[in-house]
Amino acid sequence: MTTDNATVPETSYGPVAHHFNNMGQQHATVRLGMWLFLVTEILFFGAAFVAYTAYRIWYPKDFEAGSAALNAGIASVNTFLLLISSLTVTLAIRCAYVGNRKGLIRNLILTTLLGTVFLGLKAREYQLDYVEGLIPGNVALTKEAAENVLRARADNPNLVVNNFNENLKVVLKHNGFQGVPGKDYDPSRVQLFFMFYYGITGLHVLHMVIGLGLLSWQIVLAMMGFFDFKSRYIYVETLSLYWHFVDMVWMFVLPLLYLCGPHTFGQAVEQFKLAIGLGSGSGH
Amino acid sequence: MTTPTNSSERHADEFLSHTVPPTSTTLTVFAALVGLAMLALLIGFSELGPIKVLASLGCATVQACVLGYFFMELKQADKLTWLVVASGFFFTGIQFVFTLTDYLTRHLGVL
Amino acid sequence: MTATETQTETIRVATTTPGPLDYTPQMVPPPEPTDAEDATRKNYLNYDYSLFGWLFTLDHKRIALMYLAAVSVFFLFGAIAAGLIRTNLITPTGAILELDQYNKAFTAHGTIMLFLFLIPVIPGVLGNFLIPLMVGAKDMAFPKLNLASFYVWFFGALFFVYQLLVGGLDTGWTLYPPYSSKYSHTNVLYAGLGIFITGFSSILTAINIIATVHKMRCPGMTWGRLPLFVWAMYATSIIQLLGTPVLAVTVVMLAIERLFGVGIFDPSIGGDPLLFQHMFWFYSHPAVYIMILPGMGVINEVLTCFSRKNIFGYKAVAWSSVGIALVGFLVWGHHMFLAGQGYYLSMVFALLTMLVAVPSAIKVFNWTATLYGGVITFSAPMIFALGFILLFTVGGLTGLFLGTLGSDIHLHDTYFVIAHFHYTMVGGMMFAWQAGLHFWWPKITGRLYSDFWSRLAAIVMLVGFALTFLPQFVVGYLGMPRRYPNYPPEFQIYNVLSTAAAYVQGLGYAMPIFYLTASLFFGKKAGNNPYRATGLEWQTNSPPEPHNFPETPTVYFQPYEYGVKDGLSVVEKLNSGTKSDGAQTKTVGATSDH
Amino acid sequence: MFAFMETPPILPLQASEFARQYDLLFWYTMAVTMTGGAVVYALLIYCCFRFAKRSEADRPMRILGSTKLELIWTVIPLFFFLSFFVWGVRVWDYAINPPKEASDREYFAVGKQWMWKVQDPEGLRHINELTVKVDTPMKMTGTSEDVIHDFGIPAFRSKFDVVPGRYTAAWYIPRFTDKAKGGIETHHLFCDQYCGQGHSQMVGKVHVLSAENYENWQAGIFRSTDKKKPVDGSPAWQGRILFHKLQCNGCHFNQQVGDPSPKAPSLEMIAGTVREMADGKRFTADDQYIYNAIRNPSMHIRTGWQAIMPAFHIGLATENDLYNLTQYIKSLRNGDLPYRTDKSPAPIGGAPKSSQGTAPAPATKEGGK
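Residue numbers (the working numbering), protein chains in the order written: chain A, 1 to 284; chain B, 1001 to 1111; chain C, 2001 to 2594; chain D, 3001 to 3369.
It is worth saying that the hints were derived from the structure and are not from the lab.
Bear in mind that the values here come from a model prediction, so they are computed numbers and not experimental data.
Please note that a few of the clues may not be correct.
To be verified - One side of the interface only, derived from the structure: several residues of chain C facing chain B at Cβ under 8 Å:
1) A2039
2) H2214
3) V2246
4) H2278
5) F2282
6) V2327
7) F2329
8) L2330
What the hints assert, rightly or not - With a straight-line Cα cutoff of 16 Å, these simulated EDC-like cross-link-like pairs (lysine to aspartate or glutamate) come out:
9) K2525(C) - E2032(C)
10) K3053(D) - D2022(C)
11) K2042(C) - E2032(C)
12) K3330(D) - D3287(D)
13) K3205(D) - E2490(C)
14) K3100(D) - D3146(D)
15) K2182(C) - E3145(D)
16) K2315(C) - E3070(D)
17) K3139(D) - E3122(D)
18) K61(A) - E1047(B)
19) K2524(C) - D2035(C)
20) K2182(C) - D3146(D)
Positions of the beta carbon are idealized from the N, C-alpha and C atoms, including for glycine.
Throw the hints in and build the complete structure from the sequences for me.
Below is the structure:
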């Protein structure tokens, strides 16, 4: 009775999993499954943003101050890195679809590289925050961490080991943030902002890492010729859905965390140069 | 004669009907995305005051929509996929509305 | 598709329906295998005996059995904790436990029963086993994901067990900060990790079930012909999908707060403890529907089968499940009326709470109406199902006291609440689980269990349970707070009564272990369809083949066509323009897929 | 022994105005839900008997449903549910909107693991005890020092979470029930929100006093609690320990047992009374008076008594000790004074060496002459 899909020479598209009747059903199911998973991801990050917004409403000034202490330069560059990776992963689908194995592998590798660079910059950003002593709460620094802070102290004698509020004032002053601590913003409230900063970016980084793992796995599969069956482009597409979603999350993280405070373009450039070691290093 | 409600037949032709757009389209969309990203940064680095947040968030929303519609293939997705996505945002919205209502109205009518 | 097409089909089949049946199966049943054939037949149990074949199977039926084993063990843990609690409450000063031991006991009871029993039990066991069978599929949509979700869940469960072994948890299952984040010296982090991981597993299960129901239905299985158990599981999966991620984030935030000493819910840096409650209940209120909806689904199957009736108002029952799932997300604030949330928000939540009560009421009335005009036999699953209705009615109605703004003020956090949700969770879910287990046991194992002992167990459980929690309504209204190891002496009699009945109840839970195990060895062969039921799962062999059906089934009839002599008379009814015809074609015609 | 040998309570007492309003709603809800439940149960039982299978010949009817019936049992419950909501909102509205006089009379409760510190409008602090005047509107504001607690009084049908970093509140008009005797009635005070190990220990008493009893209680004449001695870590309790340590009860002992030779005035219930001095002066026995009387007894010698009491300079009693002693003396009621030291040795650690010198025993001889 399944006359209409009898016309489809499915064998040329690769085998259908045992529990599906035809390739179309398999594709539809796989797509649906991924979208359902993405819905849970929407709720996941949505919940974090709900919490963020609640406090943003309560303490707007403090959150702006916190944002002013972040490195907008790295964030801006990372934005474009993710966008380009979204492009490459989309091109990868096309390659798989037209059966271009070389192109597929090239694009997947490009995506992986871009993602890795993103993570590298992110790590550098965390390390800078760490050196500036912007660790909320009463976490005891490790020995080498303390040494880091001391080394940073050589440039900036005002940095205090493991005292968030003091270090924050120093950093904000260096970033040229006009605002009197205690009057315009309350450093301990800024700790709240930093909890969200580490929490949300941390979750995003976790998703990036998982994505990179899946990408490298598909690179191996592609090299083994797994995607030579044209129908299997669906798996590249499914992964790309996930990757695009991670990109999408970053699109909202950027304005919510990094751009909500007063930043200038020149400052961002300065911060980025500093991050990659070209900066004058003044104040750090 | 087939029963239209047979999942397998309903999707039998999906594999054929579902196409992957050519590279040219992809590049156009990418250009648009980059433009939007630059706009977002421009807003972020400007001195708009309180509107800044809304503006940059609006920009991000447009960006996300473009990304979803073209790169994530919502363009050729069926109703079900749209429903799934919509429900995700709807229930996040529910959480936003009720939780934030608490924070905005808690001071009212307190003993 | 139009109704006429269906009718023509049904005519075609009905004439080929073998022999006169007093019911109409959804598909044409294949001939029963003879004993000789059955001896050599490969089924999902005997096609592979190797350990590997069990631990790494992709067969949804074997995964279901793995869930069954694990869930039963964890239920035992939770039950032991419950026994300790009840025993301790015999005397006003605590009979056997120290204060902190008691706190750990009730926390263990709560966490284990919720995350390791109530939430996975029916989706994991019956859902896994039955949904592909009921929709006529060869397997779940994502078999590997299905296996993964079991192991992820089990891995998470190990964290609960571990934190029990290394000293337990004393925060209560609600984990309210700042107690859980700052003041508790117990293993909040391990428990949080367990919640996070098990939550991830229930997400995977939900994805699998939704995809299966949408994409894997066999020819002719329209939405209007899905068994109501599938509808209920579908609604449950929606809740799991949308709710669980929020709980995950909440637990992550709690962990951050506990690890780094400064956190997001911490008042000392301007945080708000209520935010945790908002996010926690956004999941945990819908979660109580995760725990009850599958039970409601089971009841539909059992009631219709043992009263030989069509379900009364198929659409109402089906859509009320989805309604509960959706509206259930709008009412979480009724757990926070007295926690200091905005007064006007509380009023909104109270109103929505009254609305979510309606679908449950509809279901109860429809079940009752289903019995009307039936031919009722009181075998064990039926007694459990009737017990479900009796107890769930009490549980649901007492919920109204707590959902109403005014009357919640006094009852909040008293034993009234305890009694209420045990009447819904245990009286509801536990009885539905027993009903389902007894109902499908012949299909799962191919064996019949002792009729007498099963009925006896059902009655013992019913009486024991009802008497355990009735006194708690009284003592709750008197104001005895929950989670109190020590209490004023005038409340003692109620606690003694409750404890006494609890032991009877425990006896009831112990009985199935024996007669069900015995049935595996001494039970009669069940045959394909011992209850003469209509669902697809009953038409295939029992135990089913590894791929469920000899060939892909085609569905021509609604479920629950019990009330007719045989298939032919259905066709006559369909063709004759009687009133039921209208209803019939309407239901059959409901093919809109979303 | 089984406490339930006495008849156990069936219903909670209605000890506040709100309790009466609350119970109306509660019993309305109870009546409706009971009726609804009864209907379902009746239908179930009827069907189970009427349609139980009797012979193989039985044939079931084929009913697919009835939109009309379903509409009925959708709309009717919804109507009642909404009635619950409306009435519930009215009760809620009453509970959250205190009248002015209630707001003017504000009690303050601080919850900490695991005790309630209650301060009444007059500024007196009590641990785990709330003493209120009957028929007088009052407001109870609460907060927490550590975790979330819940200030619940079942007899008032009142309950609210106390949250760290915030103020939450409730208000009551306490009433006497028919069980009230002697112008005093005592109810339970519970912590209803789980707060850790001592959660079930975080309980207290609520004393509803008649107006006149309340006056006396404030004056210190009326004892609302049947506790013989304060054992709650309050200053008065510390003072009692010192009172024994410093052997004060060597002279200021309990005279109700007919001890022949009282060497010093009884200190019971002196707080606020006017004291006659040997030199004719008159002093009100306030904190300052008691303080001086201990630091420098020779300042005021009461008529009819010798100046035999040693001065307790800073070395013997710190300022803090003095404060505690003062609180204890103020708290003394009839028959509260301990007996003579030689009759009842100091219960806590015995008399320390340092205080031996201050033992008034030798001095009493001269005093006696």
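So, going through the hints one by one against the coordinates:
1. Contact between A2039(C) and chain B, as hinted, is not supported at the beta carbon level, the nearest pair being about 34 Å apart and thus beyond 8 Å.
2. At its closest, the beta carbon of H2214(C) sits 7 Å from a beta carbon of chain B; the interface hint therefore holds under the 8 Å criterion.
3. Checking V2246(C) against chain B: minimum C-beta separation of about 7 Å stays under 8 Å; hint holds.
4. Evaluation of the H2278(C) hint against chain B yields a held restraint, the C-beta minimum of about 5 Å falling below 8 Å.
5. At about 6 Å, the closest approach between the beta carbon of F2282(C) and any beta carbon in chain B falls short of 8 Å, and the interface hint on this residue holds.
6. Annotation: V2327(C) was flagged as interfacial toward chain B, and the flag is violated, the nearest CB pair being 11 Å apart, outside 8 Å.
7. Annotation: interface hint on F2329(C) holds; nearest CB of chain B at approximately 6 Å, less than 8 Å.
8. Nearest Cβ of chain B to the Cβ of L2330(C): about 7 Å, under the 8 Å cut. The hint holds.
9. Taken as a hint, the K2525(C) and E2032(C) pair is honoured in the structure, with Cα atoms around 12 Å apart against an allowance of 16 Å.
10. Our distance criterion of 16 Å between C-alpha atoms is met by K3053(D) and D2022(C), whose separation comes to about 14 Å.
11. Taken as a hint, the K2042(C) and E2032(C) pair is honoured in the structure, with Cα atoms around 14 Å apart against an allowance of 16 Å.
12. Taking the CA atoms of K3330(D) and D3287(D), the gap is about 8 Å. The hint holds against a cut of 16 Å.
13. About 15 Å separates the Cα atoms of K3205(D) and E2490(C), which keeps this hinted pair within 16 Å; it holds.
14. The hinted pair formed by K3100(D) and D3146(D) fails the criterion: a straight-line CA distance of about 31 Å is larger than 16 Å.
15. Proposed proximity of K2182(C) and E3145(D) is supported: the alpha carbons are some 13 Å apart, at most 16 Å.
16. Taking the CA atoms of K2315(C) and E3070(D), the gap is about 11 Å. The hint holds against a cut of 16 Å.
17. The hinted pair formed by K3139(D) and E3122(D) meets the criterion: a straight-line CA distance of about 13 Å does not exceed 16 Å.
18. At roughly 15 Å between alpha-carbon atoms, K61(A) and E1047(B) fall within 16 Å of each other, so this suggested pair holds.
19. A threshold of 16 Å between alpha carbons decides the hint, and for K2524(C) with D2035(C) the separation of about 13 Å falls inside it, so the pair holds.
20. In summary, the hint linking K2182(C) to D3146(D) is supported, as the alpha carbons are separated by about 9 Å, within the 16 Å threshold.
The earlier numbered hints that this structure contradicts are 1, 6, 14.
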